[in-house]
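> Each chain, letter by letter, is given below.
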Amino acid sequence: MEAILQSAFVQDIATLARPALFNLYFALASIPVGFPLAVLLALGKASRFKIISRLSRGYIYAFRGSPLFIQFFMFYSMMLALNQAYLKPWGIDGVVLHPLFLGPMVLVLNTSAYGAEIFYGALKTVPKGEVEAASAMGMGRWSVFRSVTWPNMLRLAWPAYTNEMVFLFHATTLVYFTLPVVNEQKDLMNKAGELFERDYNVFLHFSVAALYFLVLSILIFWLAGLVHKRLNQHLTGRAEKIRFKPGYIR
Amino acid sequence: MLETLPDWLSGLFSEDVRSSLAYITNGKHLAWYASIRFTLIAAIGGATVAVLFGLVGAALKQSRIMPFKLIGDFYTTIVRGVPDVLFILFFPLAFEQAVEYFLARSVCEPEVLAAATQWPPCEAAQWFLTTTDYLIMACVSLGIVYGAFAANVIHGAMQAVPKGQLEAAAAYGFTPRQVFWRFKVRQMWVYALPGLSNVWMLLLKATSLLSLLQIADIVQWAARLGSANYYSRVGLVHPDWRWKYYLVLFVFFIVMTMLSERFFAALQARASRGMSLAGSD
Chain A
650 MEAILQSAFV
660 QDIATLARPA
670 LFNLYFALAS
680 IPVGFPLAVL
690 LALGKASRFK
700 IISRLSRGYI
710 YAFRGSPLFI
720 QFFMFYSMML
730 ALNQAYLKPW
740 GIDGVVLHPL
750 FLGPMVLVLN
760 TSAYGAEIFY
770 GALKTVPKGE
780 VEAASAMGMG
790 RWSVFRSVTW
800 PNMLRLAWPA
810 YTNEMVFLFH
820 ATTLVYFTLP
830 VVNEQKDLMN
840 KAGELFERDY
850 NVFLHFSVAA
860 LYFLVLSILI
870 FWLAGLVHKR
880 LNQHLTGRAE
890 KIRFKPGYIR
Chain B
886 MLETLPDWLS
896 GLFSEDVRSS
906 LAYITNGKHL
916 AWYASIRFTL
926 IAAIGGATVA
936 VLFGLVGAAL
946 KQSRIMPFKL
956 IGDFYTTIVR
966 GVPDVLFILF
976 FPLAFEQAVE
986 YFLARSVCEP
996 EVLAAATQWP
1006 PCEAAQWFLT
1016 TTDYLIMACV
1026 SLGIVYGAFA
1036 ANVIHGAMQA
1046 VPKGQLEAAA
1056 AYGFTPRQVF
1066 WRFKVRQMWV
1076 YALPGLSNVW
1086 MLLLKATSLL
1096 SLLQIADIVQ
1106 WAARLGSANY
1116 YSRVGLVHPD
1126 WRWKYYLVLF
1136 VFFIVMTMLS
1146 ERFFAALQAR
1156 ASRGMSLAGS
1166 D
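In order, the protein sequences belong to chains A and B. Heads up: the first sequence begins at 650 in the numbering used here, then just goes up one per residue. Heads up: the second sequence begins at 886 in the numbering used here, then just goes up one per residue.
Hints were generated in silico from the structure; no laboratory data involved. We put the beta carbon where it would ideally sit given N, CA and C, even for glycine. You may find that some hints are simply not true.
[Stated by the list, open to error] Here are the computed distance ranges between Cβ atoms for each label pair:
#1 A:Lys773 / B:Phe1059: 40 to 48 Å
#2 A:Leu863 / B:Gln1003: 29 to 37 Å
#3 B:Pro891 / A:Leu689: 37 to 45 Å
#4 B:Trp1004 / A:Trp799: 54 to 62 Å
#5 B:Arg1062 / A:Asn850: 41 to 49 Å
#6 B:Glu900 / A:Leu803: 53 to 61 Å
#7 A:Leu689 / B:Leu925: 34 to 42 Å
#8 B:Phe1148 / A:Phe852: 51 to 59 Å
#9 B:Phe1059 / A:Thr664: 30 to 38 Å
#10 A:Gly770 / B:Val992: 53 to 61 Å
#11 B:Gln1003 / A:Gly770: 49 to 57 Å
#12 A:Asn850 / B:Leu955: 25 to 33 Å
#13 A:Trp871 / B:Phe953: 22 to 30 Å
#14 B:Ala1150 / A:Phe698: 54 to 62 Å
[Stated by the list, open to error] Examples of chain B residues toward chain A, derived with CB under 8 Å:
#15 Trp1004
#16 Leu1094
#17 Val1104
#18 Asp1125
[Stated by the list, open to error] With a cut-off of at most 25 Å between alpha-carbon atoms, the simulated DMTMM-like pairs for lysine to aspartate or glutamate come out as follows:
#19 B:Lys913 / B:Asp901
#20 B:Lys1069 / B:Glu1052
#21 A:Lys737 / B:Asp1125
#22 A:Lys878 / A:Glu779
#23 A:Lys835 / A:Asp848
#24 A:Lys773 / B:Glu1146
#25 B:Lys913 / B:Asp1018
#26 A:Lys699 / B:Glu1146
#27 B:Lys1129 / A:Asp742
#28 B:Lys913 / B:Asp892
#29 A:Lys835 / A:Asp742
#30 B:Lys1129 / B:Asp901
The following block holds chain A by itself, in its conformation from the complex (with noise of 0.2 Å):
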């Protein structure tokens, strides 16, 4: 007992307890704010109105063509930029230039783009007679959207969606990449390449980061799982089945 609690593989998972934390909490900051984001943008790409139509629709079209990476640059030196004229004068500059702000705020940016592009697809197949039906009983646009295509469309991105937040779990490695760690706050990624710095032991070091990944992506999914459940309740048996598939959505 006592030499496998000394191993080196426990004293690893033990060590990267810790920066787990990091990458949930950016997974965990960024998703409320991500989601109605990307409803928002959905709908906004859906609009009859011709502007907001063609700005949400370019949105989404630049966060999801362009590499999560850059963006976390691009946003970091514009802040840079805009820090001796406007972020120190308004005294926020130690809020918005830390990682755990700046993080967060990149990491809605661009999910709410890739959520958006889910939602919208599965706007498009909200079944036109439910919602025509709605209207023949003479309810107004706003209750057709409440008691209609909200819960459709929730139900039929449900699966994209649990893949878009997997997904986002594993972009929160990318955050330390190019922000500035800041004393001793540091992810998987970050803590694993020290540890191997120390003794150039990479199986160990970064197997232990990958299961740490791989158990909070499948926790993650276990998750998205039951709130699938709970939103296809009364499909009993036609509802397709959540697969483990981050597939080629993103």
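Chain A is fixed; fit chain B onto it per the hints.
Same frame as chain A, now just chain B:
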């Protein structure tokens, strides 16, 4: 660069335009533009390796021999469950260490090897990698990562090939191996193209990570060129301009995505000539 223009042409521009033209065509900027080659090589090389790994992965996934099927499923699952950055950093490091391990066994003195506490055990076993080595490794690691994505796409596409076509081929006396290579693989490309185009987009964006492998790619050059430029003789040439350079890269990748979309749309139209696919008739 600007000096090579004839006088009448450079005379068309005002002094301001001329100096900014001279600035964006100076040696360092030309080196920046030239470094696009690393991105393109990594993208195309990575895509080639990815398709190869995708074919092997898909073949393994549908193998009737259990261990092969397990390997295929393990490969595609593990790569998708772990961030791509981790793999892109891990494979080159692991390969370098593996080479150094065998190098050390042949070049280091046995007693040094036994007493070694650091890596590599002796100086002679150190393998210094050049940019080309790193680029090849980047291609391979991108290929391994996105090969798993491609394996899923190709696996799905192979299932989409009409059974009748394969049965007809078998009825004509083709061996199972011939049926696989001459019919399944030939016909699956049309079904795989939309998915493969997505994988290509992912891979293209992942090439921005090359700077993590010590390659002086467009991202690293942008950081170098953009940082505040100060010479004691002339003073401050420009303040921190990195955001401008990153903005250029942001637009560059969007344009590359647009071009890729056009290319794949044309390819799809060409590949599906004469085929009745869903929605085409």
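> Any hints this thing doesn't respect? Which numbers, in order?
3, 8, 9 and 14
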